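Novice: Protein chains in written order, with the numbering used here: chain A, 139 to 471; chain B, 139 to 471.
To be clear, the hints were calculated from the coordinates, so they are not data collected in a lab. Fair warning: this is a prediction, and the values are worked out from it, not measured in the lab. What you were told as hints is all true, and nothing was included just to trick you.
Short, incomplete list of chain B residues facing chain A, as computed with Cβ under 7 Å: (1) LYS271; (2) PHE272; (3) GLU274; (4) ASN333; (5) ASN334; (6) ALA338; (7) MET340; (8) PHE364; (9) SER366; (10) VAL369; (11) ALA370; (12) ILE373; (13) LEU377; (14) GLY378; (15) VAL452.
Built from N, CA and C at the ideal position, the CB exists for glycine as well.
There are 2 protein chains.
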Amino acid sequence: MENGHAKNRVAVIGSGNWGSVASRLIASNTAKLPSFHDEVRMWVFEEILPTGKKLSESINQANENCKYLPGIKLGANVIADPDLENAVKDANMLVFVTPHQFVEDICKKLAGKLRPGTEAISLIKGMEIAVEKFSEATIGYKKDKEVATRWAKLFTTPYFLVSVVEDIEGVELCGTLKNVVAIAAGLVDGLDMGNNTKAAIMRIGLREMRAFSKLLSPTVRDNTFFESCGVADLITTCLGGRNRRVAEAFARNGGKRSFDELEAEMLHGQKLQGVSTAKEVYEVLTYRGWQELFPLLSTVHEICIGQLPPTSIVEYSEHTPNLSIISGSNAYY
Amino acid sequence: MENGHAKNRVAVIGSGNWGSVASRLIASNTAKLPSFHDEVRMWVFEEILPTGKKLSESINQANENCKYLPGIKLGANVIADPDLENAVKDANMLVFVTPHQFVEDICKKLAGKLRPGTEAISLIKGMEIAVEKFSEATIGYKKDKEVATRWAKLFTTPYFLVSVVEDIEGVELCGTLKNVVAIAAGLVDGLDMGNNTKAAIMRIGLREMRAFSKLLSPTVRDNTFFESCGVADLITTCLGGRNRRVAEAFARNGGKRSFDELEAEMLHGQKLQGVSTAKEVYEVLTYRGWQELFPLLSTVHEICIGQLPPTSIVEYSEHTPNLSIISGSNAYY
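One chain only, chain A, in its complex shape (with noise of 0.2 Å):
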């Protein structure tokens, strides 16, 4: 796309949920900025309504998906269309929202339909803005802050801010290890230790966190965990969060019903990355020595399997390490 001499065309892959909350929040950035054609186009896994009615006709004449979003306009310039490769063929930026699993096989689809130089992002979690609840969202680039101010530009509401950092392994070792992170803030609730506790507990998870980004990947910025994917992500996950709900309940269970076991009766075939995230760390701790740098982090992994108890979470008296090695700072344990 040449930007700054043709006006960029958005197309959003995906019309559930989070996909047409995706669409609203756009359309209307869309419809204000004059770098953007106003017409956002929604691509519709097809389905026919107990009415009868196919979907995408529905959202078209209502301009609201009355079946996951009812209730909502999403504005005039919003089009819903079934047909993928008629959806993106003027579109120089791709937004992907539907659920994983369905990326490859639409991705194999677009294979050689695309315009040169069409970008595409990626929302892998929903958010609470489709009610214009206050929320941010961080995007990393690497090296063309043009590109990325122009996707935070897109995304950028009064209600939903957006910030971007040249820092794209930061970003992504935030959005993974905090919920190894969560997982501890869950044991912690299990154990009913308070908030000072907790607070701790999620402060030298947010320490390790930054510090086995920076020894695995040297360029990772100590800004990006002051943005939203870093600082406010933690929170937001150690507060609610599936990770931090059945760690809760496997620390009142002391331990003894298996994470295994407790996902599949609280979340209903969702599954939980904070558990899986933990044995990927803790190998990487171990192949490369580093466990005792990392009391917290080793510990999750350690009690999920059951090797400790859940109360070890708050017991790192016998390896309190130095990680002032790392992150530079004068801390004394």
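Put chain B on the given structure of chain A with help from the hints.
Specialist: Just chain B now, with coordinates in the frame of chain A:
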């Protein structure tokens, strides 16, 4: 004190709940650490108990403060002493744990009575460590890391991690400014806006705390905000804490009952620091022309004085400053 030549000797000034907790914790360490005398003198503001016995005698007989910390042994090396001058005469490390309004008077009494080179520390808030819940704290210092580390050693236990940072201003500003952010968090609670919004507000608050501290005092370090005095205390204060609680009530009343009124009703004489700190910060912002740079800090004050409605706490659309000037971040908004 000739550290390394003679043993350090600790006196605790105060024997209320938190004074007793501190004495117990410190005594468990002085008993183990070779660089400290075992004995910890605890100055007791003498009282006659309902039994007719003196409080200090009761403490020394039962090794327990039956009035302010019943049911918990202080450790055999804690000696209660009602004579202030006698309690401190051999000490070179003083720990102040009295209510703050007594400090000035006590200091006047101590003037000229202390050994040369005596150091003092003040513990201004209580923590949940009497029952050995996991918690942490940060000690700020200027230049002399050895002194700071000695103090940290005195307080560190397996359930109480103490770190030191060479950043007195940063530690103090964190402690003050977090109360303003807690007001913002409480308003979000009162507006029932959910965890995503609350986390976003806490994150923006942390960002403004950091930027404001660095503008006020250029020696303030980023690392300080990753210590317990930064992100962990902020989380604790925004989850519990009286600033949060009264601000929640303020928002639930639609701003129609003043903070003064709610404070009198809810806190029974305790004072809200957040409201007065917000006012002081606002004066600095106005005086230096920085108001536009700190929408959250400014808005909290304007809401407190009734100039803006509580809902303004999530409306930053009209003033979204680029704090990257200050923080070096690439934030878009």
